[in-house]
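Construct the complete structure from the given sequences, taking the supplied hints into account.
Chains as they are written, first to last, in our numbering: chain L, 1 to 312; chain F, 1001 to 1262; chain S, 2001 to 2262; chain D, 3001 to 3299; chain Z, 4001 to 4299.
These are computed hints drawn from the structure, not numbers from a lab. Yeah, the Cβ is synthetic: ideal placement off N, Cα and C, and Gly gets one too. Keep in mind that a hint or two might mislead.
[What the hints assert, rightly or not] The following label-pair restraints were derived from C-beta to C-beta distances:
| hint | chain 1 | residue 1 | chain 2 | residue 2 | range |
| --- | --- | --- | --- | --- | --- |
| 1 | S | G2117 | Z | Y4135 | 44 to 50 Å |
| 2 | L | T297 | Z | I4269 | 25 to 31 Å |
| 3 | S | D2033 | F | F1228 | 45 to 51 Å |
| 4 | Z | A4291 | F | E1187 | 32 to 38 Å |
| 5 | L | G252 | Z | C4159 | 22 to 28 Å |
| 6 | S | G2120 | F | R1082 | 51 to 57 Å |
| 7 | L | P10 | D | S3130 | 51 to 57 Å |
| 8 | Z | Y4135 | L | T264 | 53 to 59 Å |
| 9 | D | K3294 | S | Q2193 | 41 to 47 Å |
| 10 | S | G2117 | D | K3294 | 28 to 34 Å |
| 11 | D | A3030 | Z | G4277 | 42 to 48 Å |
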Amino acid sequence: RRHEAWPKTPKGLDRVRLAWNPNALCLAPVLLAQNKGIFARHGIDVELISYAGSTDQLLEAMSTRKADAGVGMILRWIKPLEQGFDVRLLAGTHGGCIRMSGSRRAGVTPDPLSLKGKTIGLAEITGASRNAFAVLLKYHGLDPDRDVEWRQFPQALLGEALRKGEVQAIADSDPVLFLEEKASDGDMVEVISNLSHPWQNRVCCVIGAGGFMLRENPRAAKALVLAMADAANLCSSDPHEAARAFLPYTRGASVDDLVAILKTQTHANHPLGRDLAGDVTRYTAELRAIGVMKPTTDPARFAGSIVSDVLA
Amino acid sequence: MVSATLDNETRPGLSVQISRVSHAYRTGAEPVDVIDNVTFGVDPGEFVALLGPSGCGKSTLLRLVAGLDQPSEGKVGTDMVRVTGPDPARLLVFQDPTLFPWRTVRQNIALGLEARGVAGDHRAATDEALALVGLEAFADALPHELSGGMAQRAALARVLINHPRLLLLDEPFGKLDALTRMTLQGELLRLWQQGGFTTMLVTHDVEEALLLAQRVIVFGPRPASVVFEAEVDLPYPRHRDDPGFIALRRDILIALGHGEEL
Amino acid sequence: MVSATLDNETRPGLSVQISRVSHAYRTGAEPVDVIDNVTFGVDPGEFVALLGPSGCGKSTLLRLVAGLDQPSEGKVGTDMVRVTGPDPARLLVFQDPTLFPWRTVRQNIALGLEARGVAGDHRAATDEALALVGLEAFADALPHELSGGMAQRAALARVLINHPRLLLLDEPFGKLDALTRMTLQGELLRLWQQGGFTTMLVTHDVEEALLLAQRVIVFGPRPASVVFEAEVDLPYPRHRDDPGFIALRRDILIALGHGEEL
Amino acid sequence: MWIGAGLFALYVPGVTPLPRTGLLGGIELAIGIAIAVVALAPWRRSEGLEQADRWLAALPIGFVIWQYATNKTGLLPLPFFPAPESVLEVFTDDWAKLAESALASLVLLIPGYAIGAALGFSLGVAIGWSRAVHYWAHPILRFVGPLPATAWLPIAFFCFPSTRSASTFLIALASGFPVAVLTSSGVASVARAYYDIARNLGADPRFLVRKVAVPAALPSVFVGLFMGLGASFVVLVTAEMIGVKAGLGFYLQWAQGWAAYANIYAALIVMAFLFSGLIGLLFAVRDRVLAWQKGIVRW
Amino acid sequence: MWIGAGLFALYVPGVTPLPRTGLLGGIELAIGIAIAVVALAPWRRSEGLEQADRWLAALPIGFVIWQYATNKTGLLPLPFFPAPESVLEVFTDDWAKLAESALASLVLLIPGYAIGAALGFSLGVAIGWSRAVHYWAHPILRFVGPLPATAWLPIAFFCFPSTRSASTFLIALASGFPVAVLTSSGVASVARAYYDIARNLGADPRFLVRKVAVPAALPSVFVGLFMGLGASFVVLVTAEMIGVKAGLGFYLQWAQGWAAYANIYAALIVMAFLFSGLIGLLFAVRDRVLAWQKGIVRW
Ligand SMILES: Nc1ncnc2c1ncn2[C@@H]1O[C@H](COP(=O)(O)OP(=O)(O)OP(=O)(O)O)[C@@H](O)[C@H]1O
Ligand SMILES: Nc1ncnc2c1ncn2[C@@H]1O[C@H](COP(=O)(O)OP(=O)(O)OP(=O)(O)O)[C@@H](O)[C@H]1O
Ligand SMILES: [Mg+2]
Ligand SMILES: [Mg+2]
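Here it is, written out as structure tokens:
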């Protein structure tokens, strides 16, 4: 299809179907961009469609034209992308948003080494949390396969699993962790997050697009990236605004809670092109070292093949 | 052997009281009146035959006496006690054999023994019942492997094995050839004479009624009411060419609306 | 009206050839031999009655002629053509009525017309068939609301409405009282005389066979083989006290193993 | 009963004051009064009411126990077991979203179910009827039966042009399976005697299928339709994981992500009512179609 | 056929060389030769083989098409549609993990299914038999039927002491539901005449249930057991979300998280075979128990 054939609104804006997960607070800038007309200003009309299931469905959707673009966690995407989906990464949106907290009563302290011999609860055994913390624990001197045990529970039951003593620490994204910490009366303590040393400057979430979009309408792809960057900046400077935009999608959290969470994330960090590829390369190498990525995958080549610089 | 089970067991027969019984089925839009104010009694140990046109309500009446349905009006009793439900002392041989398809013939025949929790091996009793109706060779056959007449005989055996005090028979010999029928009629008569149970026999065969019963009751067309009643005061074994037999036969046929045939 | 449907339709009856037919059922462990080398023929338009002890294989034979089963050995043919499957020209009235429980009596009777795609409103035809068997009042009843005899009549009507050229009757009047039975026998005779179809009637009632059939064939006990055959050379309507009738009756009863009764 | 429950709700103090306690008590009182009025009314009593009487009596007891165990005493822990007023609060505050979700789900569900039921029925008839179809289809059913709906997602994605059609496919598949199984088992267990009679009367295979096999199998088919409807609701959650903007399954997942149990239960209640309504419809149809069974089976 | 497929696999070049092509072709050739040997063997031909002949012929064609469409031409896109050799590769390389998962699943599944089937059967008999139980249980079944297993997770998790028992509960629930529905519908549609006869012969309700209702309902019960088995496999994925360390559902989720389609398909194939094996067992039992049906129904 040619660029001219791309669906447009009556006002001439390019329609973009953006897949997201409405449970992820770190995607608040998406709503901000939507509400503040930032997308429209860049000439696109974004329709948000939710993909609440596992990541592969979102990637499947993008590579079979069910969605044009999507946002999600790089650490969740990177392994599926190795399988050869027709999806390209365009930009990072921010850093942070995956954390691990443990129960003081069970002997977990802010020191990652206190996790030795503990069981960690996760919502997805192949998810971003597992990938991130396996790398980070290894960095801190723990063998992610032997020194700790990982167990899977539905997201909503992670807190209960902790209370029941089935696990001593849980790893997930916010707001789940934040809400559990709040409900634990100070028992829960953050051990580590994906902004912990040495990942302070790493990106957490990325925008990706189906390969067909880049081929048929690179202009809209570029507009999406720019709009998201604007929105992320806005979120970084005015988290209250973003929190208010996201509030209708929450239950049991106040604007202040949301702001507190958003402030733990680095919304000013949205790498593009070479920077993004660099992050991807590093992640790939690290994941390869813990046996997630195939040993035959060359990190730099792989990063180069899945990152597209739409601004270039 | 034989005497221990089907024969020689003399418990007094039940008396039957049917008083002002009316019955209607209410399945369709309008109720179908089937029995209309019928009153009669049966003495303990008596053998009564019931005759009547097709669809007049004979089977229904037997169901009421068996306690499977409750009459819309009036009372049905046995031994002066109102019938409120089924009881193995009053056993009905249904018009349709309806054997249980998942049980062999022998198991079907043992049903009543099992149901009443009669202890022990039922083999001897069932063997005897099978021999009585001539189905020894088909003890382990499934019901669908039987012919129509064989199924009917199995259904008869299924009831006889239980020594009812009141035996209700709904056209039990309808599908049998003349010889088998005669043999079974003879067996029935013998069991009745020895066992002392009361018998109510629905049949369409006037001669059968006269060969077996002490009294014949004829119903009119639906809704059933008694149109004719006669004592059959002939000694057993009876003969078709006995003048009393012939006279009664004529009367009954006339009561059944059968004038011209005579 | 009447003449247009059940009566007066004269298509020649089918002839039947049964030659060296043997049949065995193989459901159980050992095969059950049911028919043993039976050979006989039926002329077009002839009325043949089949008699034999219960379970000897009569129903099985009718199923073979109807084409519902294939004989283990030998050939069954009609009009010199081998029977390989069912055909509405050869219709069997089954021993069990087996009406379709989800259809009303009228719909059950119209089954054959529907099945053969006979166009138009079947009301007149079904009305007539219902009247023939005396079920006008139960046209819209469901089968479970019928008495045993009524169901049997409905099954008869379900077949007669289709004008078979060969009518196979398996104890069609077994559950009927004397009067209804006589009426229907008369109707059958009338239809047969007018319609010219061939009839094979299985019955246990020797008198019925002699009142209706031109020829009587008697089978022996299972496995069925022909043990007696007789022409009934009496004019219609026949009478039970006709000396020829009485003589034939005696012969047949003897053939059925019924010596002492005479 | 209801009146008692209402009073209980209103006047027994709770552990934590919840905003909708008054409303809940009020509704309970109102129902109680309404029932009393109808029951004592001089005009003819409704049969439905009488049939439901024991449930009507049991429900308020259930409410009282629920309230007692949650808000009034805190016996059952939050957040798993919210008080009834919290669930009611979801209905009063979030009804627009719930209604939208319910509608969206129905719009997705009904075509999917209809397609699934129709195809399942046809396939079931074919399997039950034809040995050849049985030979080929039965092993496939055996292999396909246990596969979870998510396993179909990639294929559905690839084969269907839109997410909507992919979701519809998943629902149709889930509901078609029980319909097919039960139709085929119904058709395969039709008494041979019916076929004999119809064949003898000149029925061709088409007639045998349409007028003998299918009517005789209908009781079983309706069981299949019932189970298929249940399955379609269950798969809704999966089907709504892919790119929808509203729907009960979607709402449920979203609420789960926030551990908002009151919302979860509210969504489940809406689901249950929708399902119950559809089932009611199905049963009404069945009771008409299968009226002939009444005299034959126990009820 | 198999030999042809083997040759196709071996000698037609693929788009990208895959490591297990040789093995696949070899296996196909071996099967082909084995079949040829058995078929031409002088000793008596196996009946099973003859019955399966058309499937045996169709399968290699399917393999060829699959290979043709994937690796040999790339007609179907990666990663959705891996070539057969990729799936085979999963089996050869990951068989230890797959076997462990299958075993873990079975260990979880069988008690859950057994409990569910037993309870579902009892409940179904009770519902089908007793009007009172029907009155109370039927609305509950109607409400509970459509609830997805995930909805039960919190409650199961809370009410059961261990995750294992919670998972077992989920499986039992999922498999019990169809068993209960089909048992109850089977019991409720037993011909009234059977009850009449048994009651007349002196049967008490216990006897009526055990010796009349249940045997007569068995054909339907077996359909329920079949559907329940399918449901238990489907719910495995959900049940294995909570705190297990191995299992097919778990493996499936893991593979999905990585979008490792070859692994997904491999797990599905294992599931299908397990299921098919269990179903085979179930059918064997049924064919024995319901042997009496053979002469009555069409087959
Ligand atoms: N379950 C039922 N529902 C409605 N009507 C019924 C039912 N059973 C029987 N009837 C009707 O009751 C009447 C009498 O039936 P019943 O079976 O008692 O007759 P019968 O005298 O035994 O006849 P037959 O000699 O033909 O067996 C019939 O007209 C029949 O239509
Ligand atoms: N489906 C079957 N499977 C096995 N055996 C059968 C089957 N049907 C009938 N038989 C056997 O075949 C024999 C003849 O049966 P058939 O029904 O032909 O007898 P019949 O002469 O019609 O007897 P009746 O006068 O009692 O109806 C019987 O011994 C019966 O046990
Ligand atoms: Mg009767
Ligand atoms: Mg017969």
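Hints violated by the structure (listed by number, smallest first): 11
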